[in-house]
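Asks: Residues in the sequence shown are numbered consecutively from 1, following full-length UniProt numbering.
The hints are simulated quantities; they were obtained by calculation from the structure and are not laboratory data.
Heads up, a few of these hints could be off.
Unchecked claim - With a straight-line cut-off of 27 Å between C-alpha atoms, the simulated DSSO-like cross-links for lysine-lysine are:
(1) Lys144 <-> Lys44
(2) Lys68 <-> Lys22
(3) Lys144 <-> Lys68
(4) Lys22 <-> Lys33
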Amino acid sequence: MSRIFPPLREINIYMFRRNPLKNGIVVYTDGSKTGIGAYVANGKVVSKQYNENSPQVVECLVVLEVLKIFLEPLNIVSDSCYVVNAVNLLEVAGVIKPSSRVANIFQQIQLVLLSRRFPVYITHVRAHSGLPGPMALGNDLADKATKVVAAALSSPVEAARNFHNNFHVTAETLRSRFSLTRKEARDIVTQCQSCCEFLPVPHVGINPRGIRPLQVWQMDVTHVSSFGKLQYLHVSIDTC
C-alpha cells in the first residue's frame, strides 16, 4: 500500500492559526461608541472616525482595515470577545448574506480572509486590566487614542453630557467645568433620566394650598398707614 499511496503530507489551507505567529506583526485594535476606531502597530497609533455608534461594530471595521493594510503574517489583539469570536468563525462559515450592516462588514472580512496569502492570528486581551506587559500596553494605547480623538471632535455640550452621564454632577459644576451657559447646563441635568426624579417640582402658577388647618400657610406683607412707622405688617393666613 505504501508504494501505491505515498505518505500524505498535511497542508494547512486555513489562514487562521491557533498560536501566535512568531514572525508576524502585532496590531492592537479598539473601538468606541463615539464612532472612533484605532489600531496600534509598531508603536504607531492610527485613529479613524466611522459612522457607527456601537463599539463592537466599530472594532469590526478596524479589524477589516487592518486585514487590508497588513498583508504579511499578522497577529491581531482585541479587547472585544465579540469581535474575536466572530472573526475566528468567518473563515469556515458559509456564504454570508448582507442582510444588515454588521453582516455586510462580516462578509467583507470573510472575502479579505479568503484572498490572503499569509496567515492571521487573533486573540482577546482584557481591557483596562492595568497589568504589566506589551499586550496590556498596546491595548491601552489604542483605547486612549479613541478617547483623545473623541474629546477633540466633540462639542463642549456633548462633552458635558457624557461627563454628566458618568458622574451625575450638578448644573453648576457643568457650567464651571465646560464653560456652558446656565440654560445649557440645566438642560443636560433635566434631560437625565437618573436625575430628573430628584429635581424640585416646578410651580404650576398658583400658590400652594393647605389640606388641613395649620399645615400650610401663606405669608405676605401688607400696609396699615395708621400705624405710622410700623405700617408694614407681616401677615400669615391659613389657606385651608
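Asks: All hints are to be evaluated individually against the structure, with a verdict given for each.
Replies: Hints and how they fare:
With a C-alpha separation of about 13 Å, the suggested pair Lys144 and Lys44 falls inside the 27 Å cut-off, and the hint holds. Of the supplied pair hints, the one linking Lys68 and Lys22 holds, its CA atoms being roughly 20 Å apart against a limit of 27 Å. Our distance criterion of 27 Å between C-alpha atoms is met by Lys144 and Lys68, whose separation comes to about 23 Å. Among the hinted pairs, Lys22 with Lys33 is inconsistent with the structure: their alpha-carbon atoms are about 33 Å apart, more than 27 Å.
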